[in-house]
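**Student:** Assemble the whole structure, with the sequences as input and the hints as a guide.
For the sequence shown, position 80 (counting from the first letter as 1) is numbered 1054 according to this note's numbering, and the numbering increases by one without interruption.
Among the hints, a few may not be true.
[To be verified] Cut-off 30 Å, straight-line C-alpha distance, at most; resulting in silico cross-link-like pairs (DSS-like, lysine-lysine): (1) LYS1133 / LYS1152; (2) LYS1111 / LYS998; (3) LYS998 / LYS1113; (4) LYS1093 / LYS998; (5) LYS1152 / LYS1093; (6) LYS1133 / LYS1093.
[Stated by the list, open to error] Pairwise CB distance ranges, derived in the manner of DEER restraints: (7) ASP1027 / SER1142: 29 to 35 Å; (8) GLU1119 / SER1171: 34 to 40 Å; (9) HIS1108 / SER1142: 41 to 47 Å; (10) GLY983 / SER1122: 28 to 34 Å.
Hints listed in this document are in silico derivations from the structure and should not be mistaken for laboratory results. Idealized CB from N, CA, C, for every residue including glycine.
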Amino acid sequence: MEKEGFYCGQVYDVVPFEGISSVKLVFDALHHYFSHMEIRVTENLGDITIREDDGRSEPGISQCRFVSNLTSGLLLEMNSVISSEYREVDDEYGDGGAVGVFTEDFVDQDDLYPYVPEKRIRQDATVVTQVRSHIKKVKHDGVEEERSIVVMTRSAHCKIHNPTWPVSPGILHEIREKSSHWGDVKLDAVREMVYSSAR
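**Tutor:** So, in structure tokens, the structure goes:
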């Protein structure tokens, strides 16, 4: 909790994709997830989530507004800008190999689509997700070999704003729990897409 009463959470993940050597495959799975995130959140968490986009995104950058109708009946809203970049060869971050990066950052003020604090609880998220290949040393028949493995790293900071009306501690706990599960939904969706495509 911050001193203003906001709830904040941070997470850092390192996720290896065993048996996968294509950075582009994982990058494309992430891209697909971001394009259909509201469907996966609805299916996995049971909260009906809609996207309120205006369809004016550019290649590599989009503004996404989501509203989730939580099982408690409360509405949770997010407004984020998501940008992405993929490089087949990158010396600075990919050690000469491929690297993909997604950044998500909240929109603090949107005059065209303002927040609705009297009806919705606001959630802000800042997330950086990187996908790149690493070398893993493995023993095969007593001989050490080097194999390429794709690793996804994710650093995230989330803040849930205090509602402007009274909410029970149990409902606030549910909101915090649901917020932390959005990242799990993303990871499960990406794993599913990557391994089904790799078959």
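**Student:** All the hints need checking, so say for each whether the structure fits it.
**Tutor:** Here is what the structure says about each hint:
Between LYS1133 and LYS1152, the direct Cα distance comes to roughly 13 Å. Compliance with the 30 Å bound is thereby established for this hinted pair. Annotation: proposed proximity of LYS1111 to LYS998 holds, straight-line Cα distance about 22 Å (limit 30 Å). Distance check on the hinted pair: LYS998 and LYS1113 sit about 27 Å apart at the alpha-carbon level, within 30 Å; holds. Taking the CA atoms of LYS1093 and LYS998, the gap is about 41 Å. The hint is violated against a cut of 30 Å.
For the given pair, LYS1152 sits about 18 Å from LYS1093 by alpha-carbon distance, which is consistent with the 30 Å threshold. At most 30 Å may separate the alpha-carbon atoms for a hinted pair to count; LYS1133 and LYS1093 meet this at roughly 18 Å. Checked against the given bound of 29 to 35 Å, the beta carbons of ASP1027 and SER1142, roughly 32 Å apart, stay inside it. Checking the proposed 34 to 40 Å range against GLU1119 and SER1171 shows it is violated: the Cβ atoms sit about 25 Å from each other.
Under the hint 41 to 47 Å, the C-beta atoms of HIS1108 and SER1142, about 46 Å apart, fit the expected range. Judged by the Cβ atoms, the range 28 to 34 Å given for GLY983 and SER1122 holds: they are separated by roughly 33 Å.
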